[in-house]
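Undergrad: Chains as they are written, first to last, in our numbering: chain U, 1 to 187; chain H, 188 to 686.
Keep in mind the hints are simulated off the structure, nothing from the lab.
Treat the hints with care, since some could be wrong.
Claimed, not checked - Straight-line alpha carbon distances no greater than 27 Å define the calculated BS3-like cross-link-like pairs of lysine-lysine that follow:
no., chain 1, residue 1, chain 2, residue 2
1, U, Lys74, H, Lys197
2, H, Lys200, U, Lys83
3, U, Lys63, U, Lys74
4, U, Lys124, H, Lys197
5, U, Lys183, H, Lys197
6, U, Lys142, H, Lys522
7, H, Lys221, H, Lys481
8, H, Lys587, H, Lys522
Unchecked claim - Rough simulated footprint, nothing fancy, chain U against chain H, three-plus residues with beta-carbon under 8 Å:
no., stretch
9, 195-202
10, 210-222
What the hints assert, rightly or not - Examples of chain U residues toward chain H, derived with CB under 8 Å:
no., residue
11, Phe26
12, Lys29
13, Phe31
14, Leu119
We put the beta carbon where it would ideally sit given N, CA and C, even for glycine.
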Amino acid sequence: MEELQLLIHRCIKGDRHSQNELYKLFSQKMFIICLRYSPNRQEAEDNLQEGFLKAFEFLHQYKFTGSFEGWLRKIMVNCALQKYRTKKDLHAIVDIETTSLHEIGNEDIISQIGTKELLRMVQKLPNAYRMIFNLYVFEGMKHREIAEELGISEGTSKSNLYDARIILQRSVTKSLQVAKQSKDSSL
Amino acid sequence: MNENLPDIDKLFKSAIEQHDDIPSPGVWDSIDNKLDKSNVVDINKKYIQLKRIAILLLLLLSGVVFYEYNSYRNKRDIVKNNPVQKPRKEANPGKPSSSAGLDSVRNSLSNNSTQLPKDKSPINDNKQVITQNENNRNKSGKDYQHFKKNDSRASEYSGNDLPDNKQVAVKRSTKDYSIKNKSANRKGVMKVKIDNAQPSSIQDQDNANVAIQKDIAPRKYYSNIDLMPLATKDFDKSLREPIKNVVKNDRKNNSKKTRISRLSINPFFSPDFAFYSLMNDQPHGRGDDKHDIKKDEKHQFSYTTGVLADYSLSSHLGIQSGIAFSKTTINSESKNIYAERDNSGNIKYRINGSCGYVYILPKSSGPPAVGDSIKAVSSKNELEYIHVPVAIKYNLSIGKFTFDATTGVAVNFLTKGSINTVVDNGITKEAQVINNVEGLKKSYLDGLIGFGAQFNLNGKLAITFAPTARVAITAINSGAAVKTYSNSLGISAGIQIKL
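Given only the sequences and the hints, what does the whole structure look like? Please build it.
TA: Okay, structure coming up:
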């Protein structure tokens, strides 16, 4: 912990080597956040870059009272939100068909589909759905807060989240079916 | 609703949250390059204040240079329009030498003085009025010789006659004499008036010189009058006392005249279009970004009113100062405010604005935890300042209109900074007024530039109209989420009263 504080202090002084160290320490964790909020890897890398630049710019304002990772995470999420606000499209029209996942547990799904595939599903969500799903599920925000953050009504936030879940459920089912078929054919 | 939906949340959360991914190495390279650039930007920002001050000083310097050049040009024009004739050569045959000239002047005066009735004092006769500079009163004959040498015009007056109904004016070095002679020969009394207003400035002196040169008599008459004996040793006490009184009265009148033309006051009122320029300073959390703050805020009616005093340095240039009161009102749209620890460690809701921030704790809601939010339905931010400007003014008169350009600086002293807000906790609404906005500085500096026009109703009154732009040199706050530079464009209207 003290090492991290020293590293941060050196970064505040503008030591480029320390800044690189800090980047290496947190870039992987932050990159996954950026991936969740972005439709593709390229945009996620842009967000990551922007987020770290902001973090270095305002590092002197970090009070060492809370988790540094949490502080950095907030910056990454804000960068993603800012980018989203510039190219808002809230009214995605998606053909949704409901499916059921009664038969199989979460751990089995992860083992069968893989985390990267699940992440890809989130990335494939329409922008508005992806934002709301991320803010609700990963950041733990309430619909009222999401609505204010994105400038939409609470109702829109709820319905978009519902739609996002349906899409993801369908994608998971399809992936499971594909996995099952490939398993059967290999046998 | 599908029963499995919450499981989907857990599925994705558990899978993705524990997952890491490595970004491409190009990301750090880009960050590295941009950090270099941002350092350059920081340096630019660091010196922005110095740059502003430098521009202001440059403007002031330009004003001074312009003033000096203008003065020099006026002097040159005066000299050009009124060329000083070179003294005639002493060796010139038929012309008196300087000492001979002096003798001839003295002789002519003695001849002239014989024409005056000895029993009749010029003062008692009430026909001779003499005004002269006190400094010259004790001048001796040596001074007179000096005068003869220095003022080439003196040697020009070599004639012997002093005509009737002629005004004779004599300039002696930098001291002025004008002598009015009315019917000296006819009535046997020489009327003399020596105007001796001490020039209050170079320009006044120049103007006086022009006046003298315009009124000056043919120089051949000059040598007929020996002024010095009259002005110095030949006056008895009875003559000197009235002269002193005349001099005093004349000085008073002149000094009054000087004051009349130079100072004026201008009560005014100016509706202002105020706009803030924001820079991210110390963002704290959500909604602290300059774009978010700017988006939420709307400037309402702002105004400046006060009294300005103008002091003319010359016919075109003047300085302006005074005191004014300005009020700016900013409304904020409905937004969520979040709880965090205030400067004393208590958890309160923080309202951020362009001016600064305040912490509030609505009575109707329970003690919040860090991160809790509440809706601020509306917020009104009021700022009041006392404004003390110092400016240089350039005037140009065309007929009854006078146009002017003004540039200068002003110090603004904060007299009131408050935020009125209404918070809604979902059940009730509660109004809160906070008079201590954190981050607001007690004073700030701004530069002003304006162009105005005034319509002169008469010698004393004029209607003024002046669009004026005020640009902040320093920020109005520090240590807040954003640094705010207050700019405004005002259209002031007032009445100028010349004192």
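Undergrad: Next item in the hint list is phenylalanine 31 of chain U. Is there a CB on chain H closer than 8 Å to its CB?
TA: Status holds, d = 5 Å.
Undergrad: Are lysine 142 of chain U and lysine 522 of chain H close enough, with their CA atoms no more than 27 Å apart?
TA: holds (15 Å)
Undergrad: Hinted pair, alpha-carbon criterion (27 Å max): lysine 587 of chain H, lysine 522 of chain H. Please report holds or violated.
TA: Outside the cut-off at roughly 54 Å; violated.
Undergrad: Hey, lysine 183 of chain U versus lysine 197 of chain H, does the alpha-carbon distance stay inside 27 Å?
TA: Judged against 27 Å, a Cα distance of about 26 Å means the pair holds.
Undergrad: Examine the stretch 210-222 of chain H for residues whose CB is less than 8 Å from any CB of chain U, and state whether their number is three or more.
TA: holds (count 10)
Undergrad: Restraint: lysine 29 of chain U near chain H, CB-CB cut 8 Å. Satisfied or not?
TA: holds (6 Å)
Undergrad: Run the distance test for lysine 124 of chain U versus lysine 197 of chain H: straight-line Cα separation, threshold 27 Å.
TA: At roughly 18 Å apart (the allowed maximum being 27 Å), lysine 197 of chain H and lysine 124 of chain U satisfy the hint.
Undergrad: Restraint: leucine 119 of chain U near chain H, CB-CB cut 8 Å. Satisfied or not?
TA: holds (6 Å)
Undergrad: Hey, lysine 63 of chain U versus lysine 74 of chain U, does the alpha-carbon distance stay inside 27 Å?
TA: Satisfied, since the Cα-Cα distance of roughly 14 Å is no more than 27 Å.
Undergrad: Can you confirm whether the C-alpha distance between lysine 200 of chain H and lysine 83 of chain U stays at or below 27 Å?
TA: holds (23 Å)
Undergrad: Are 3 or more residues of the stretch 195-202 of chain H near chain U, judged by a Cβ distance of less than 8 Å?
TA: holds (count 8)
Undergrad: For the pair we were handed, lysine 221 of chain H and lysine 481 of chain H, check the Cα-Cα distance against 27 Å.
TA: holds (26 Å)
Hint check: violations occur at hints 8, 11; the rest are consistent with the structure.
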